[in-house]
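**Student:** Residue strings, one per chain:
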Amino acid sequence: GQSLEQPSEVTAVEGAIVQINCTYQTSGFYGLSWYQQHDGGAPTFLSYNALDGLEETGRFSSFLSRSDSYGYLLLQELQMKDSASYFCAVIEGGKLIFGQGTELSVKP
Amino acid sequence: KAGVTQTPRYLIKTRGQQVTLSCSPISGHRSVSWYQQTPGQGLQFLFEYFSETQRNKGNFPGRFSGRQFSNSRSEMNVSTLELGDSALYLCASAGATNEKLFFGSGTQLSVL
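Protein sequences appear in the order of chains B and R.
Numbered continuously in the numbering used here, the first sequence closes out at residue 122.
Numbered continuously in the numbering used here, the second sequence closes out at residue 223.
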């Protein structure tokens, strides 16, 4: 079976940096994905890490350590519009399995 | 390129009824997955179809079923609705692999 652990809530101020961690247990690992979902909206793909290391896409970066079964999403220069839920996900048995999500609140 | 389209956007049903939800994937995508999202359970995988065949299945009762047509459009059906089936049902499409999913806006189902 598989399980993903991520914090349920994170609060940060505008302009700051925030890190959302994700640890996983899975019988077969192919990579770690991150999705963003605004209230009432569709989840949107942010990043995918198949190999160890940091992937950067603008203000967002994602990191993976396969030996530690751990990854994180780093959001820099936080903006109010970044307030949303963030999900990590792994592929197991060909299907994408999601964590419970982290609700990020950005305060002015 | 048009995104993933789900219809209807909202649906209200009563217990015991059945419902059919529709999903049109991004043109060229052959994989369609369905997820149930509730506040307490997060995103739960229902099933995935690829080229009209069910490729993966989650841990949901047999009341939940789906199919995919030759044009990759997919439908899911829930029979004998229960109150606990109230949720946002999300459809996602992908190319050959599921590393990157494209989600529709979902169908919000309320069972009264």
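Everything labelled a hint here was simulated from the structure, so no lab data went into it.
One or more of the hints may lead you astray.
[Stated by the list, open to error] Derived pair list, reagent style DMTMM-like, types lysine to aspartate or glutamate, alpha-carbon separation capped at 25 Å:
1. LYS211(R) - GLU28(B)
2. LYS168(R) - GLU19(B)
3. LYS211(R) - GLU69(B)
4. LYS211(R) - GLU163(R)
5. LYS95(B) - GLU163(R)
6. LYS211(R) - GLU19(B)
7. LYS95(B) - GLU28(B)
8. LYS124(R) - GLU193(R)
9. LYS109(B) - GLU163(R)
10. LYS211(R) - GLU193(R)
11. LYS109(B) - GLU210(R)
12. LYS95(B) - ASP66(B)
13. LYS168(R) - GLU70(B)
14. LYS211(R) - GLU117(B)
15. LYS109(B) - GLU69(B)
16. LYS211(R) - GLU106(B)
17. LYS211(R) - ASP53(B)
Since the model is a prediction, treat every value here as computed from it, not as a measurement.
**Student:** Decide, hint by hint, whether the structure agrees.
**Tutor:** Results for each hint:
For a cut-off of 25 Å, the pair hint linking LYS211(R) to GLU28(B) is broken: about 29 Å separates their Cα positions. Distance check on the hinted pair: LYS168(R) and GLU19(B) sit about 22 Å apart at the alpha-carbon level, within 25 Å; holds. Our distance criterion of 25 Å between C-alpha atoms is met by LYS211(R) and GLU69(B), whose separation comes to about 15 Å. This hinted pair checks out: LYS211(R) and GLU163(R) have alpha carbons roughly 20 Å apart, not beyond 25 Å.
Proposed proximity of LYS95(B) and GLU163(R) is contradicted: the alpha carbons are some 38 Å apart, above 25 Å. Our distance criterion of 25 Å between C-alpha atoms is met by LYS211(R) and GLU19(B), whose separation comes to about 20 Å. For the hint pairing LYS95(B) with GLU28(B), the CA-to-CA distance comes to about 10 Å; that is within 25 Å, so the pair holds. Among the hinted pairs, LYS124(R) with GLU193(R) is consistent with the structure: their alpha-carbon atoms are about 10 Å apart, no more than 25 Å.
Only pairs whose Cα atoms come within 25 Å are accepted, and LYS109(B) paired with GLU163(R) is accepted, the gap being roughly 16 Å. Proximity of LYS211(R) to GLU193(R) is assessed by CA-CA distance (about 32 Å); at most 25 Å being required, the pair is judged violated. With a C-alpha separation of about 9 Å, the suggested pairing of LYS109(B) with GLU210(R) holds against the 25 Å cut-off. Of the pairs offered as hints, the one joining LYS95(B) and ASP66(B) is violated, with about 29 Å between alpha carbons and a cut-off of 25 Å exceeded.
Among the hinted pairs, LYS168(R) with GLU70(B) is inconsistent with the structure: their alpha-carbon atoms are about 33 Å apart, more than 25 Å. Restraint check for LYS211(R) and GLU117(B): the C-alpha separation of about 21 Å stays at or below 25 Å, so the hint holds. Restraint check for LYS109(B) and GLU69(B): the C-alpha separation of about 23 Å stays at or below 25 Å, so the hint holds. About 14 Å separates the Cα atoms of LYS211(R) and GLU106(B), which keeps this hinted pair within 25 Å; it holds.
Distance restraint check for LYS211(R) and ASP53(B): the Cα-Cα separation of roughly 21 Å lies within the 25 Å cut-off, and the hinted pair is therefore satisfied.
Against the hints set out earlier in the document, violations occur for numbers 1, 5, 10, 12, 13.
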